Amino acid sequence: MSTVIPHPTASTATEATQARIEGYNFAYLDEQTKRMIRRAILKAVAVPGYQVPFGSREMPLPYGWGTGGIQVTAAVIGPDDTLKVIDQGADDTTNAVNIRRFFAKTAGVATTDRTVDASIIQTRHRIPETPLTEDQILVYQVPIPEPLRQLEPRESETRKMHALEEYGVMHVSLYEDIAKFGRITRSYNYPVRVNGRYVMAPSPIPKFDNPKMDRMPALQLFGAGREKRIYAVPPYTEVKSLDFEDHPFEVETWEENCALCGAGDSYLDEVIVDDQGTKMYVCSDSDYCRERREAGHVGDGGPNSGGPQ
Amino acid sequence: MSARDPLLQVRGLTHRYGRQVGCRDVSFDLHPGEVLGIVGESGSGKTTLLKCVSGQMQPSEGEVAYRTRDIGTVDVYGMTEARRRMLMRTDWGIVYQNARDGLRMKVSAGANVGERLMAIGERNYGHIRNEAVDWLERVEMDIGRIDDLPGTFSGGMQQRLQIARNLVTKPRLVFMDEPTSGLDVSVQARLLDLIRGLVGSLGIACVVVTHDLGVVRLLSHRLMVMKGGRVVEQGLTDQVLDDPQHPYTQLLVSSILPV
Ligand SMILES: Nc1ncnc2c1ncn2[C@@H]1O[C@H](COP(=O)(O)OP(=O)(O)OP(=O)(O)O)[C@@H](O)[C@H]1O
Ligand SMILES: [Mg+2]
Ligand SMILES: [Zn+2]
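Order-wise, the sequence lines are chains A and B. Just so we're aligned, residue 1 is where the first sequence starts under the working numbering, counting upward by one. Just so we're aligned, residue 1001 is where the second sequence starts under the working numbering, counting upward by one.
Worth flagging that the hints you see were computed from the coordinates, not collected in a lab. Check each hint, because a few of them may be wrong.
Now the stretches of chain A that chain B is said to cover, found in silico as 3 or more residues with beta-carbon under 8 Å [as the list claims (entries may be wrong)]:
1. 229-237
2. 245-256
Just the calculated beta-carbon pair ranges, DEER-fashion [to be verified]:
3. B:Asp1025 <-> A:Pro53: 39 to 47 Å
4. A:Thr130 <-> B:Thr1073: 53 to 61 Å
5. B:Tyr1096 <-> A:Arg197: 28 to 36 Å
6. B:Asn1124 <-> A:Thr130: 35 to 43 Å
7. B:Gly1200 <-> A:Ser156: 48 to 56 Å
8. B:Val1187 <-> A:Arg183: 36 to 44 Å
9. B:Ser1201 <-> A:Pro217: 54 to 62 Å
10. B:Glu1063 <-> A:Asp214: 46 to 54 Å
11. B:Arg1145 <-> A:Asp135: 51 to 59 Å
12. B:Met1057 <-> A:Pro62: 42 to 50 Å
13. B:Glu1081 <-> A:Pro53: 15 to 23 Å
If you're wondering where the values come from, they're calculated on a predicted model, not measured in any experiment. Glycine included, every Cβ here is placed at the ideal spot set by N, Cα and C.
With the rest of the complex left out, here is chain A (with noise of 0.2 Å):
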C-alpha cells in the first residue's frame, strides 16, 4: 500500500491548479495575504523566537482548529510539495485529516502520512519521532503564543519584557513548581529560550519533543491565528528548555517499550484495551510505529501496567 496519495491530475502545476476546486486561489488565500504572511515567516526567521503580529485572516475552519498553521503552510506550500498532517502524532484524527483535505482541495497537492516522504509537515501536539531533515518545514499550531501570558496579562508589559529580556519570571514560575511538587511537573508547552535570546513558547507539545527543536536541520514555524503571531526557529538554531542547574530539564521516560513495535525510545500513549482497564503502551507517532513493524520491528503485543516514571 503506498502512502503518497498523489492527486490524480497533480503530475504537473497546470493539471493541478485545473483539478483544485473551482472558485478559490491556490491555498485558498489570495496572493497578497499570501505575500503579506511570507513577510511575517522572513522577519520571525531573521528573528529566531520573536512573535511577529500579522493580520490573520478568517478562515472557513473554527480558530482551535489551527487556523493560524494553516495560513502559515498555505503561504509557503507550492504545487510540488508533498504535505502531512499529524494531529497528537496521528495522521488520521478528524483535525489533520480536514486540513489535510483542505489543502488536497484548494492547493491539488500530494499528501503523504510518511514523515520521511513530505516536504511540509503541519502539526498539533507533537514532533515527528523520525528525525528531519534540511528540505523539509515543520509548521506548528499554537494556541497561545506568548509564554509570559500566564504570569504577565498585559501585553504592552510582556513586549517590553522581551525586548529588555527580562526573563526573570519564567524562572519563577518554575521554582513554584519545585516548591510545591519537589520537582517541574510542567509536562506540555515547556518553555524554551531561542538562540540564547527570546523565550519562545514551543506550543503544547510534549516536553519530550523539545530537544528535538535544538539545532534541527528543517526550518521550524509556528502560527498562532487568533493571536495573530508568527515566529520560527531556522535551522540549526539552538533551543534550550529552561532549568536550575539543581533541578536539570529532563524528558519523560516510560518503564515500558511500545507493545506494538518494541519502541524504546519514543513517545508513549495509554491506551486501555478492555473494560477492565487492562493498559497498553503505544507510539503516539503512527507512522513512525508502522514504519517500525513494517522493517520487522515487534512489541510484546500483550497489555502491560505501570505508567510513564
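Based on these hints, arrange chain B with the ligands on the given structure of chain A.
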C-alpha cells in the same frame, strides 16, 4: 569621587499632568545611608516626586542623578530603559503603599522573595530557596508559610514580604510610599521598628513618603515638607519638627499628638 558624594542628586524637578502641576522645582541630595522623609497633605505632590526620583515616571523638567557602584554618577533618565530597569531591580528597592502593586500575588512568598535573584541570573534553586528563608526570617515572618500566596497574609505581613523581596539583592537605596498607612496602629509600630532596624543595620539610604509625622520622627534623618507641589521647608527632622519655621509646617506639627 568619594563615599561622601551624594548617592542621589535631584535638581529643579518639576512634573506636570497636563496643566495640573504635580510637583514644582524640587532639589535635594541624598547621601549613602541617609533617610529622607517627605511629608505634606494629600495632593501636595509626594507620590509624584517619589515616582519621578525612583525612575518610574520621567519628570517634565529637571534632573535625577544616581551614583552607581560601577560606572560613576549617571542621569537616571538619560540611560537606556534596560539599564534603568536593571538598576531598579538590583541597586534600588521600591515599597508600595498597596502590597498588590509591589508583590506578585499569584506566586508564593518564597517566589516573591526569589524573583529578583532569578531576574539577575541566579539559576540554583537551592540557593534561591535559602535566600528566601533567610530574608523571611529577617523580616520576622513565619518561614513555615514560605509556600503560601501573598493574598493569605495580613496587611502588615504583606508589607514585610515586600521589604524582603526588595532587600534580597542588597540595594543601596529604597523608596517607600506610605509603607505603614492602612495598617492597625500596633502593626504599624512593629513594622516601623523593623524598617528602622534593617535600614540602620544595612546602611540603606531611603526616601520615605508619608503623611504621618510619627513615621518621619522615628525613621528619617532629614525631612522635606511639601505643599501645593513645592517644598516649603527642609532640614534635620528634629529641628523641623521641634522648631518649624514655615507657617504650614507649624500648623502640621501643632495638629498632631506628641509622638
Ligand atoms: N495621574 C494624574 N493625572 C493628573 N493629575 C494627577 C495625577 N496624579 C496626581 N495628580 C495631581 O497631582 C497633584 C499631586 O498628587 P500626588 O499624588 O503626588 O500627591 P500626594 O502628596 O502623594 O497625595 P496623597 O497624600 O493623597 O497620596 C495632585 O493635585 C493630584 O491631583
Ligand atoms: Mg501619594
Ligand atoms: Zn510503536
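The hints, checked one at a time:
1. 229-237: As far as the stretch 229-237 of chain A goes, the hint is violated, because 0 residues have Cβ atoms under 8 Å from chain B.
2. 245-256: Per the Cβ count (3), the hint holds.
3. B:Asp1025 <-> A:Pro53: 39 to 47 Å: 43 Å, holds
4. A:Thr130 <-> B:Thr1073: 53 to 61 Å: 60 Å, holds
5. B:Tyr1096 <-> A:Arg197: 28 to 36 Å: At 32 Å between Cβs, range holds.
6. B:Asn1124 <-> A:Thr130: 35 to 43 Å: 37 Å Cβ-Cβ, so the 35 to 43 Å window holds.
7. B:Gly1200 <-> A:Ser156: 48 to 56 Å: Violated, since B:Gly1200 and A:Ser156 (Cβ atoms, about 39 Å apart) do not stay within the stated range.
8. B:Val1187 <-> A:Arg183: 36 to 44 Å: 38 Å, holds
9. B:Ser1201 <-> A:Pro217: 54 to 62 Å: 58 Å, holds
10. B:Glu1063 <-> A:Asp214: 46 to 54 Å: Holds, since B:Glu1063 and A:Asp214 (Cβ atoms, about 48 Å apart) stay within the stated range.
11. B:Arg1145 <-> A:Asp135: 51 to 59 Å: Given range 51 to 59 Å: holds, Cβ gap about 56 Å.
12. B:Met1057 <-> A:Pro62: 42 to 50 Å: For A:Pro62 against B:Met1057, whose Cβ atoms are near 44 Å apart, the range 42 to 50 Å holds.
13. B:Glu1081 <-> A:Pro53: 15 to 23 Å: 21 Å, holds
Checked against the numbered hints listed earlier, the structure breaks hints 1 and 7; every other hint is satisfied.
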